[in-house]
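Peer 1: The primary structure of each chain is shown beneath.
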Amino acid sequence: MSADAGGGRSRAAYPLILPTWAVLGVFFLLPLCVLFVISFAQRGTYGGLKPIEDLGAYVLSGKFLSHYARSLHPIYLQIFWRSIWMAVVTTIVCLLVSYPVAYYVAIVAPPRRRNLLLGLVVIPFWTSFLIRTYAWMFILRTEGLANRLLMAAGLTSHPLELLYNDFSVLIGLVYGELPFMILPLYASLEKLDRSLLEASADLGAPARETFRRVTIPMTAPGIAAGIVLVFVPSLGQFIVSDLLGGAKTILAGNLVQNQFAVARNKPFGSAVAFELTAAVLLLLLGYAAYTRRRGEDVLL
Amino acid sequence: MPNDVSVAIRGVTKRFGETAAVDRVSLDIRRGEFFSLLGPSGCGKTTLLRMIGGFETPTEGSIAIDGADMTDTPPYLRPVNMVFQHYALFPHLTVGENVAFGLRYRPMDGPARGRRVAEVLELLQLSGFEARRPDQLSGGQRQRVALARALALEPRVLLLDEPLGALDQKLRKEVQVQLKRLQRSLGITFVFVTHDQEEALTMSDRIAVMHRGRVEQAGDAARVFERPATEFVANFMGASNFFSGSVVEAPGGDVVLELSGGGRASVPLDGGPAPRAGEAVRFVVRPEKLDLRRRDLSERGVPSVAVTVEDRVYQGISTIWSVRDAAGGRFTVYEQNERPFEESSRWQPGARLFLCFHARDAVLLRAGGGGAS
Chain A
1 MSADAGGGRS
11 RAAYPLILPT
21 WAVLGVFFLL
31 PLCVLFVISF
41 AQRGTYGGLK
51 PIEDLGAYVL
61 SGKFLSHYAR
71 SLHPIYLQIF
81 WRSIWMAVVT
91 TIVCLLVSYP
101 VAYYVAIVAP
111 PRRRNLLLGL
121 VVIPFWTSFL
131 IRTYAWMFIL
141 RTEGLANRLL
151 MAAGLTSHPL
161 ELLYNDFSVL
171 IGLVYGELPF
181 MILPLYASLE
191 KLDRSLLEAS
201 ADLGAPARET
211 FRRVTIPMTA
221 PGIAAGIVLV
231 FVPSLGQFIV
241 SDLLGGAKTI
251 LAGNLVQNQF
261 AVARNKPFGS
271 AVAFELTAAV
281 LLLLLGYAAY
291 TRRRGEDVLL
Chain B
1 MPNDVSVAIR
11 GVTKRFGETA
21 AVDRVSLDIR
31 RGEFFSLLGP
41 SGCGKTTLLR
51 MIGGFETPTE
61 GSIAIDGADM
71 TDTPPYLRPV
81 NMVFQHYALF
91 PHLTVGENVA
101 FGLRYRPMDG
111 PARGRRVAEV
121 LELLQLSGFE
131 ARRPDQLSGG
141 QRQRVALARA
151 LALEPRVLLL
161 DEPLGALDQK
171 LRKEVQVQLK
181 RLQRSLGITF
191 VFVTHDQEEA
201 LTMSDRIAVM
211 HRGRVEQAGD
221 AARVFERPAT
231 EFVANFMGAS
241 NFFSGSVVEA
251 PGGDVVLELS
261 GGGRASVPLD
271 GGPAPRAGEA
281 VRFVVRPEKL
291 DLRRRDLSER
301 GVPSVAVTVE
311 DRVYQGISTI
321 WSVRDAAGGR
331 FTVYEQNERP
341 FEESSRWQPG
351 ARLFLCFHAR
361 DAVLLRAGGG
371 GAS
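Residue numbers (the numbering used here), protein chains in the order written: chain A, 1 to 300; chain B, 1 to 373.
One-sided excerpt, in silico: chain A residues whose CB lies under 7 Å from chain B:
#1 Leu196
#2 Ala201
#3 Asp202
#4 Leu203
#5 Pro206
Coverage of chain B stretches by chain A, computed from C-beta distances (three or more under 8 Å per stretch; other residues unrestricted):
#6 63-76
#7 87-99
Keep in mind that the hints were calculated from the coordinates and are not lab data. Please read all numbers here as calculations on a predicted model, not as lab measurements. Beta carbons are placed, not taken as given, at the ideal position from N, Cα and C, and that holds for glycine.
Isolated chain A (complex conformation) (with noise of 0.2 Å):
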């Protein structure tokens, strides 16, 4: 993605970047061109695909594009817009919990302790994601620790449908990638010079209008990288939707899942998986442009 980004890099360098580009080569490119190639096919009678006799005329009945076509009703753009959606809230609710908690370790806390806390976001990767998301099944099900709690707090007489729902599905999302949104932004803040918030004190700007007019724009670059982090996951997932969501809740992830899977339909699933692909690069393009014009770059 960012090859290209030196601009005068010399021909020197091309040996250096030989390995990179052979690993994406290999395990990204290849694989995307084998999905886009399949995503034209048609599917066999028993999940394999079927056949072309007559390559030309395939073509020109334009039945190559019917996965895509297909894609295009109703029933799937719904799903589509679904995901879209819970990516975005899951992002924006990541943002607004992880500011707080990143301003905490970079800017409030006493640098000895910043490691203690850093360790802390990070704990939860030494235990796979599956087993914390069945943990999560636990604490919201009906006789789970989140409804004895608020049973014994005497918030609510009877258990809460706490699970199996889009509630439940943003909570899955929003921790699983919660850590994602606090490191890049730990990144920046840690970076921001703290003599440029006392200039903006100096200068009569009470500490919400420091906030909103040095900090925020000065982490820009953190803010930009942890959305894309955690969007474009978010965008894909289908754990946490198929076990914290049950069979209500099905999300672009679960549908690509589901054509592999179950319905063993893999043109229409490659079709599908190479639109969330071809979505997610056009994020990333716009992200680079970004960092390109600002020269600074938390993520690539």
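Fit chain B to the given chain A structure using the hints.
Peer 2: The following block gives chain B in isolation, referenced to the frame of chain A:
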């Protein structure tokens, strides 16, 4: 409180944990003067400046600006502005936006704000740079933007935290003169922090020399230079010619001393308490006020100490002589090279000479701390 006091610092102490960065400092900074806080790094000068700006709160004591107590007032409500050490310009804003930053919190409309920005930029010869970003400016230009941004708000007191430190030597000299001229024409009180005694002398009306959190001496710039009150100030001002002796008698405003290097000297008391006969005291004479002679001049009433030449450094305009007395005390003599050039090297190391000075140039030293303004 006297009407001409701009910043009144009363018994201010700032402790960070166990250590006192600033220790019981009291100072009156007068309205419209160029005041320097001078001292080595870690002496507490920046902490004191930051307390005037409101970035640190004193552990003890009070700070008043123009008669109003500001000890617990946050920075954004103080009538002072600061030029930060590395300028702290907002990198995401243009020069014009940087200068306009604080005007938004003033009761003025857009056009008035624009006029003020243009006015200040012109004052600092920055017209035409409005649309540039800080990273497109030279060090000197950045320094002027920082100054413009602070002055745009017409502060009662301008605080400057070593603002010339990042500039090269030649530019620095120019800016010193410009800054002093600017201060005089605006009539704003400047409080300037520096570790460079020459810089402080060039610009300041008055200087406070700080050491280990305390004010060693505060007073008129020339006076601090010529009549250092303590050994630390004398050293810091580049006058490290220490003579010791014992008091013979102290009649009137003078003290007659028996020098440990031999000879007698009658030195002025400079207003301090008179020492008792027999007491051991030290005094200092600036290197440019010492003279080397072939003959003992004590009969003519000129204090003369027998010394041996150790070294000679020819510097073009002047020659620096290093000499040593019988007791092992080392002295430095600056000699202007105004004689015919054949004579500039007239003495070789090992030559036995007499170190002479005028008794009025001798400065009695007191035992650390306390020199009042």
